[in-house]
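There are 4 protein chains.
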Amino acid sequence: MSRNNFPTAIIRIHCPDQRGIVARVTDFIDRNQGNVVALDQHTDKEDNRFFMRVEWELEGFGLTREQIEPAFQHAIAAPCNMAWSLNFSDQIPRMAIFVSKMSHCLYDLMARYQSNELNVQIPVIISNHKSLEDVARQFGIDFVHIPITAETKKDQEKRQLDVLKEYRIDFVVLARYMQVLSAEFVAGYPEKIINIHHSFLPAFAGAKPYHAAHARGVKIIGATSHYVTSDLDAGPIIDQDIARISHHDSIPMLIQKGKDIEKIVLSRAVKAHIDRKTLVYHNRTIIFD
Amino acid sequence: MSRNNFPTAIIRIHCPDQRGIVARVTDFIDRNQGNVVALDQHTDKEDNRFFMRVEWELEGFGLTREQIEPAFQHAIAAPCNMAWSLNFSDQIPRMAIFVSKMSHCLYDLMARYQSNELNVQIPVIISNHKSLEDVARQFGIDFVHIPITAETKKDQEKRQLDVLKEYRIDFVVLARYMQVLSAEFVAGYPEKIINIHHSFLPAFAGAKPYHAAHARGVKIIGATSHYVTSDLDAGPIIDQDIARISHHDSIPMLIQKGKDIEKIVLSRAVKAHIDRKTLVYHNRTIIFD
Amino acid sequence: MSRNNFPTAIIRIHCPDQRGIVARVTDFIDRNQGNVVALDQHTDKEDNRFFMRVEWELEGFGLTREQIEPAFQHAIAAPCNMAWSLNFSDQIPRMAIFVSKMSHCLYDLMARYQSNELNVQIPVIISNHKSLEDVARQFGIDFVHIPITAETKKDQEKRQLDVLKEYRIDFVVLARYMQVLSAEFVAGYPEKIINIHHSFLPAFAGAKPYHAAHARGVKIIGATSHYVTSDLDAGPIIDQDIARISHHDSIPMLIQKGKDIEKIVLSRAVKAHIDRKTLVYHNRTIIFD
Amino acid sequence: MSRNNFPTAIIRIHCPDQRGIVARVTDFIDRNQGNVVALDQHTDKEDNRFFMRVEWELEGFGLTREQIEPAFQHAIAAPCNMAWSLNFSDQIPRMAIFVSKMSHCLYDLMARYQSNELNVQIPVIISNHKSLEDVARQFGIDFVHIPITAETKKDQEKRQLDVLKEYRIDFVVLARYMQVLSAEFVAGYPEKIINIHHSFLPAFAGAKPYHAAHARGVKIIGATSHYVTSDLDAGPIIDQDIARISHHDSIPMLIQKGKDIEKIVLSRAVKAHIDRKTLVYHNRTIIFD
Numbered sequence: 001m002s003r004n005n006f007p008t009a010i011i012r013i014h015c016p017d018q019r020g021i022v023a024r025v026t027d028f029i030d031r032n033q034g035n036v037v038a039l040d041q042h043t044d045k046e047d048n049r050f051f052m053r054v055e056w057e058l059e060g061f062g063l064t065r066e067q068i069e070p071a072f073q074h075a076i077a078a079p080c081n082m083a084w085s086l087n088f089s090d091q092i093p094r095m096a097i098f099v100s101k102m103s104h105c106l107y108d109l110m111a112r113y114q115s116n117e118l119n120v121q122i123p124v125i126i127s128n129h130k131s132l133e134d135v136a137r138q139f140g141i142d143f144v145h146i147p148i149t150a151e152t153k154k155d156q157e158k159r160q161l162d163v164l165k166e167y168r169i170d171f172v173v174l175a176r177y178m179q180v181l182s183a184e185f186v187a188g189y190p191e192k193i194i195n196i197h198h199s200f201l202p203a204f205a206g207a208k209p210y211h212a213a214h215a216r217g218v219k220i221i222g223a224t225s226h227y228v229t230s231d232l233d234a235g236p237i238i239d240q241d242i243a244r245i246s247h248h249d250s251i252p253m254l255i256q257k258g259k260d261i262e263k264i265v266l267s268r269a270v271k272a273h274i275d276r277k278t279l280v281y282h283n284r285t286i287i288f289d
Numbered sequence: 001m002s003r004n005n006f007p008t009a010i011i012r013i014h015c016p017d018q019r020g021i022v023a024r025v026t027d028f029i030d031r032n033q034g035n036v037v038a039l040d041q042h043t044d045k046e047d048n049r050f051f052m053r054v055e056w057e058l059e060g061f062g063l064t065r066e067q068i069e070p071a072f073q074h075a076i077a078a079p080c081n082m083a084w085s086l087n088f089s090d091q092i093p094r095m096a097i098f099v100s101k102m103s104h105c106l107y108d109l110m111a112r113y114q115s116n117e118l119n120v121q122i123p124v125i126i127s128n129h130k131s132l133e134d135v136a137r138q139f140g141i142d143f144v145h146i147p148i149t150a151e152t153k154k155d156q157e158k159r160q161l162d163v164l165k166e167y168r169i170d171f172v173v174l175a176r177y178m179q180v181l182s183a184e185f186v187a188g189y190p191e192k193i194i195n196i197h198h199s200f201l202p203a204f205a206g207a208k209p210y211h212a213a214h215a216r217g218v219k220i221i222g223a224t225s226h227y228v229t230s231d232l233d234a235g236p237i238i239d240q241d242i243a244r245i246s247h248h249d250s251i252p253m254l255i256q257k258g259k260d261i262e263k264i265v266l267s268r269a270v271k272a273h274i275d276r277k278t279l280v281y282h283n284r285t286i287i288f289d
Numbered sequence: 001m002s003r004n005n006f007p008t009a010i011i012r013i014h015c016p017d018q019r020g021i022v023a024r025v026t027d028f029i030d031r032n033q034g035n036v037v038a039l040d041q042h043t044d045k046e047d048n049r050f051f052m053r054v055e056w057e058l059e060g061f062g063l064t065r066e067q068i069e070p071a072f073q074h075a076i077a078a079p080c081n082m083a084w085s086l087n088f089s090d091q092i093p094r095m096a097i098f099v100s101k102m103s104h105c106l107y108d109l110m111a112r113y114q115s116n117e118l119n120v121q122i123p124v125i126i127s128n129h130k131s132l133e134d135v136a137r138q139f140g141i142d143f144v145h146i147p148i149t150a151e152t153k154k155d156q157e158k159r160q161l162d163v164l165k166e167y168r169i170d171f172v173v174l175a176r177y178m179q180v181l182s183a184e185f186v187a188g189y190p191e192k193i194i195n196i197h198h199s200f201l202p203a204f205a206g207a208k209p210y211h212a213a214h215a216r217g218v219k220i221i222g223a224t225s226h227y228v229t230s231d232l233d234a235g236p237i238i239d240q241d242i243a244r245i246s247h248h249d250s251i252p253m254l255i256q257k258g259k260d261i262e263k264i265v266l267s268r269a270v271k272a273h274i275d276r277k278t279l280v281y282h283n284r285t286i287i288f289d
Numbered sequence: 001m002s003r004n005n006f007p008t009a010i011i012r013i014h015c016p017d018q019r020g021i022v023a024r025v026t027d028f029i030d031r032n033q034g035n036v037v038a039l040d041q042h043t044d045k046e047d048n049r050f051f052m053r054v055e056w057e058l059e060g061f062g063l064t065r066e067q068i069e070p071a072f073q074h075a076i077a078a079p080c081n082m083a084w085s086l087n088f089s090d091q092i093p094r095m096a097i098f099v100s101k102m103s104h105c106l107y108d109l110m111a112r113y114q115s116n117e118l119n120v121q122i123p124v125i126i127s128n129h130k131s132l133e134d135v136a137r138q139f140g141i142d143f144v145h146i147p148i149t150a151e152t153k154k155d156q157e158k159r160q161l162d163v164l165k166e167y168r169i170d171f172v173v174l175a176r177y178m179q180v181l182s183a184e185f186v187a188g189y190p191e192k193i194i195n196i197h198h199s200f201l202p203a204f205a206g207a208k209p210y211h212a213a214h215a216r217g218v219k220i221i222g223a224t225s226h227y228v229t230s231d232l233d234a235g236p237i238i239d240q241d242i243a244r245i246s247h248h249d250s251i252p253m254l255i256q257k258g259k260d261i262e263k264i265v266l267s268r269a270v271k272a273h274i275d276r277k278t279l280v281y282h283n284r285t286i287i288f289d
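As you go down the protein sequences, you meet chains A, B, C and D in turn. Under the numbering used here, the residues of the first sequence are numbered 1 to 289, in order. Under the numbering used here, the residues of the second sequence are numbered 1 to 289, in order. Under the numbering used here, the residues of the third sequence are numbered 1 to 289, in order. Under the numbering used here, the residues of the fourth sequence are numbered 1 to 289, in order.
Since the hints were made in silico from the structure, they are not lab data. Any given hint could be a false lead.
Derived CB-CB ranges, DEER-like [to be verified]:
| no. | chain 1 | residue 1 | chain 2 | residue 2 | range |
| --- | --- | --- | --- | --- | --- |
| 1 | C | Pro190 | A | Lys130 | 41 to 47 Å |
| 2 | D | His248 | A | Arg65 | 28 to 34 Å |
| 3 | A | Asn81 | C | Lys130 | 55 to 61 Å |
| 4 | B | Gln67 | D | His248 | 28 to 34 Å |
| 5 | B | Lys101 | A | Met253 | 41 to 47 Å |
| 6 | A | Val163 | C | Gln33 | 57 to 63 Å |
| 7 | A | Gln67 | C | Lys130 | 46 to 52 Å |
| 8 | A | Glu69 | B | Arg19 | 18 to 24 Å |
| 9 | D | Pro79 | B | Ser246 | 42 to 48 Å |
| 10 | A | Arg216 | D | Lys257 | 20 to 26 Å |
| 11 | D | Pro190 | A | His282 | 42 to 48 Å |
| 12 | D | Glu191 | B | Ser246 | 23 to 29 Å |
| 13 | C | Pro190 | B | Asp289 | 45 to 51 Å |
| 14 | D | Ala83 | A | Tyr281 | 49 to 55 Å |
Simulated pairs of lysine-lysine, DSBU-like, Cα-Cα distance not exceeding 35 Å [to be verified]:
| no. | chain 1 | residue 1 | chain 2 | residue 2 |
| --- | --- | --- | --- | --- |
| 15 | A | Lys257 | D | Lys192 |
| 16 | D | Lys101 | B | Lys45 |
| 17 | D | Lys101 | B | Lys257 |
| 18 | B | Lys101 | D | Lys130 |
| 19 | A | Lys277 | C | Lys101 |
| 20 | A | Lys45 | A | Lys101 |
| 21 | B | Lys257 | B | Lys130 |
| 22 | C | Lys277 | B | Lys257 |
| 23 | B | Lys101 | A | Lys45 |
Don't be surprised by glycine CBs; every beta carbon is placed ideally from N, CA and C.
Whole structure, please, built from the sequences with the hints as guidance.
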């Protein structure tokens, strides 16, 4: 959003690094009387790759929304061999939350949602347990219980996908959802499923990371939010944070301290995604300012 | 420096916010075949002010170093009402260090200097005590002893200024220098004197901040690097950092723990200044990426 | 609580430093077959003052709950000139929350309460506005609306006190309550009112600290939880934390980023208080492990 | 050291958890007129193991230094089945530093040593390269050059051991020493070799951790100090710390940012070891206050 809360257009770009890209992109906006409200760029010198996010006010812009895509593709993106996307700030994405039994991340997201911290719609919560149905009801969100066993997993994922379609979901947040999604499920939502893993990845991937951290005797624990790929806990990292611990911290205390990091890190990742500030390239993220 | 270690030109700008500035500036560079290696911009919506730093390779650039200033002034800066500066990355600034008796910041700067972390020349260390003369000698830097008393201060500051001129000093770092510089001295080096204050400013300005922090019972201590102005400890902040403490920490322990923060925060500020990444506006800093 | 969830006794002590205190206290427990589950001590060498917290299992202890106080007072506390308190871990304290319009701290406390992170009873929320009545209802907590104006303040504080009595409240948490309590009110709850202030105290005490932080151009913001005294924002600090910011952060962004620190810092202080891990001496806190 | 800088005795203990240990130990000191200046204890409930460090002034103590060990062993340690050690604060340990080519950790240790931050003697620096000979000379420390190749390693380790014996070295600090010590070498100095590893262990053990961190796209880097065991980078962790990074940070920038964490983390570990505040049990450390 711009300072006047006028809707904005957001373009995210990556392309081979080359002379003059910023000039071309900003000139395109300027020629059409667009007022840039945010611009961030990055050059990866090892990959020789250029990345950019630019956001400008639609108010007074010389092209209609429909004209922007073909005009930019023709004038800038095609000649520069860009991969790019266009969004508008008043397109509010629709998000589903998957949970199991732990409530802390769900409560955190709900509280932010209800107080309008997140520019998103959350029509549905899906869970393999009934434990958090009451929380969903508290906040007036639909709750769909889809239990999962090894035998039923394939069929139940189909039910999950049906729910996502029914609610026209754009992206999914796994808020301590304790099931591994199948590769097929993940393939349908590339860079659209955000997980919170309760360790400082790549340390302690997989199950029971706090137990593993305790056994190793680390002095700092962490949490990692990442886009889900078919490789477990190996997708592109969006954000991480840590907490200092000591020998006094038993496993239950690690779990407790970890909750506060998990919910902060997950919410930051969700916010960056909603605000179209993330870009994935070669399994790493660019997080624009 | 660019990826190839070719010299670069660096322009820092601020001006009234207006449409198309990034396009104009980048177009100016692009038209002259310049390759941008870094670009960072910021709009302060409250002040309606635009800030930008752009760095491009001089190799292959269509203007000579001498031509850049008048060309940019005429084509861009004057029409946009810009305050701006131009530097070249191979202009190595000359830095003087002022110290008193504490060695930790001096050692830290010396170690970075000797291992080429800092793109700077340090020809001289000035002190009101002889305590650190040996450190200067260890690192082969000239040491000038200028003792100061209330009576001699005015004259001795004149001697200090003579030394700065003699060594052609561009900027001064106060590495726990325990004398207050006069307003006249400071006026001669605007945004060119960097101090480290051993508290989390604006808390505990003035003398003995660790004693004050202990008395107040804070749970976190800090350090602040800032440009020196005629207002004591009130100049524009460049960087800050903190350390967690507890009731176990006596004043000597605070002093000890604080040293590690002080030296890190001071060195980060010095590096940002050397790399022309700082910009001061209305007693606040923009620190470019 | 002990490892077996047997109830424990907790003694907090301060007294003039002297030889043999730990031996005396632990011998008292040992002679009565008590099993120590936690012990933390601190000597303030400047004040020549000794502080200690010890917790032991009541199961199998040779004295009844009623006998502990007189026995310890006679054998240990009186001869050593101790100020001390005795609590039992199964005495669940009763806490009231005061709020105004901002919901983030309230939601955070509610979520922790509902998921049993806090060993406390929260029977009532008091507010000078109706904004958060729905949140109270969501979590099934009584909500009492007591509007306050300059004229009505004295009377309304009396109503607040009546509510505290009616609900048998042991301590009060000000979760971004935007009214200043009178000295009389505070005097009735010494070291029993916990506030969260949205700055890194003592910097930016008083109103609008994020505005002040922005004006000063700090690079780090903070939050401070403290016991309320009659001096505004000057009571003993329980916990603090910080977040790094940059020139990009406008005042609304500081307010937003600050919320996450505020709720974490407040909840840590509340938990320390509930677990009887705090001790106040000379306007500073000892926070036991 | 005590408040009066009188020498102190330090006992570190671990034993099966049992009722009354603190009482016994403190009573032993008290009966002999000892004044406790620090006491820290920990119970590991999972391992049912008790840990304790206690420090008391020797001035006025009823036993001579020589009498303490047999008296404590007989009265306390044997009946409680303790593993324990006794040290005196005026026994200054002798430390050797191993380096290769990078100077930052060496400079940091030297600066702390020269300014008396560390209660230690450093008579010798050993290196497989000559690069840092000048730094040793700057600080007046003996420098022994022992080059190492795959073929000569066995013999050269023998030379290293000879140097350690000649200089009567108590413990060794690997300050970015880029050779792996043999299991035989390590076996001779159990819990007496401290390494700094330039990652957040257990992530990125082994060679080139910053390259690995960059490839994985982490948002935080770290450093880990640990006691060296025969398992590479798997010894008990003494301390860790981290720094936040972004997509802007190339590998050289990670290396640069990492240096500041490495030197802080290494120096904290060295200080804890010198002050006899570490205790290793089952490949994890207790770090006493």
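Hints and how they fare:
1. Here the CB-CB span from C:Pro190 to A:Lys130 is close to 45 Å, well matched to the stated 41 to 47 Å.
2. A C-beta distance of roughly 32 Å is found between D:His248 and A:Arg65, which places it inside the suggested range of 28 to 34 Å.
3. Look at A:Asn81 against C:Lys130: about 58 Å separates their beta carbons, and that is inside 55 to 61 Å.
4. Restraint check, B:Gln67 to D:His248: a C-beta distance of roughly 31 Å satisfies the suggested window 28 to 34 Å.
5. Judged by the Cβ atoms, the range 41 to 47 Å given for B:Lys101 and A:Met253 holds: they are separated by roughly 44 Å.
6. Look at A:Val163 against C:Gln33: about 59 Å separates their beta carbons, and that is inside 57 to 63 Å.
7. Taking 46 to 52 Å as the suggested C-beta distance range, the pair A:Gln67 and C:Lys130 conforms, at roughly 48 Å.
8. The hint said 18 to 24 Å for the Cβ distance between A:Glu69 and B:Arg19, and at roughly 22 Å that hint holds.
9. Look at D:Pro79 against B:Ser246: about 34 Å separates their beta carbons, and that is not inside 42 to 48 Å.
10. For the pair A:Arg216 and D:Lys257, the beta carbons lie near 24 Å from each other, so the given range of 20 to 26 Å is met.
11. About 44 Å separates the C-beta atoms of D:Pro190 and A:His282, a value consistent with the hinted range of 42 to 48 Å.
12. About 27 Å separates the C-beta atoms of D:Glu191 and B:Ser246, a value consistent with the hinted range of 23 to 29 Å.
13. With their beta carbons about 49 Å apart, C:Pro190 and B:Asp289 fall inside the hinted range of 45 to 51 Å.
14. Checked against the given bound of 49 to 55 Å, the beta carbons of D:Ala83 and A:Tyr281, roughly 53 Å apart, stay inside it.
15. At most 35 Å may separate the alpha-carbon atoms for a hinted pair to count; A:Lys257 and D:Lys192 meet this at roughly 32 Å.
16. A threshold of 35 Å between alpha carbons decides the hint, and for D:Lys101 with B:Lys45 the separation of about 49 Å lies outside it, so the pair is violated.
17. A hinted pair counts as satisfied when its Cα atoms are at most 35 Å apart, and D:Lys101 with B:Lys257 qualifies at roughly 28 Å.
18. A hinted pair counts as satisfied when its Cα atoms are at most 35 Å apart, and B:Lys101 with D:Lys130 qualifies at roughly 32 Å.
19. Annotation: proposed proximity of A:Lys277 to C:Lys101 holds, straight-line Cα distance about 30 Å (limit 35 Å).
20. Taking the CA atoms of A:Lys45 and A:Lys101, the gap is near 44 Å; set against the 35 Å cutoff, the hint is violated.
21. For the suggested pair B:Lys257 and B:Lys130, the alpha carbons sit about 25 Å apart, so the restraint of at most 35 Å is met.
22. Distance hint between C:Lys277 and B:Lys257 is fulfilled; the C-alpha atoms sit about 25 Å from each other, no more than 35 Å.
23. Distance restraint check for B:Lys101 and A:Lys45: the Cα-Cα separation of roughly 44 Å exceeds the 35 Å cut-off, and the hinted pair is therefore not satisfied.
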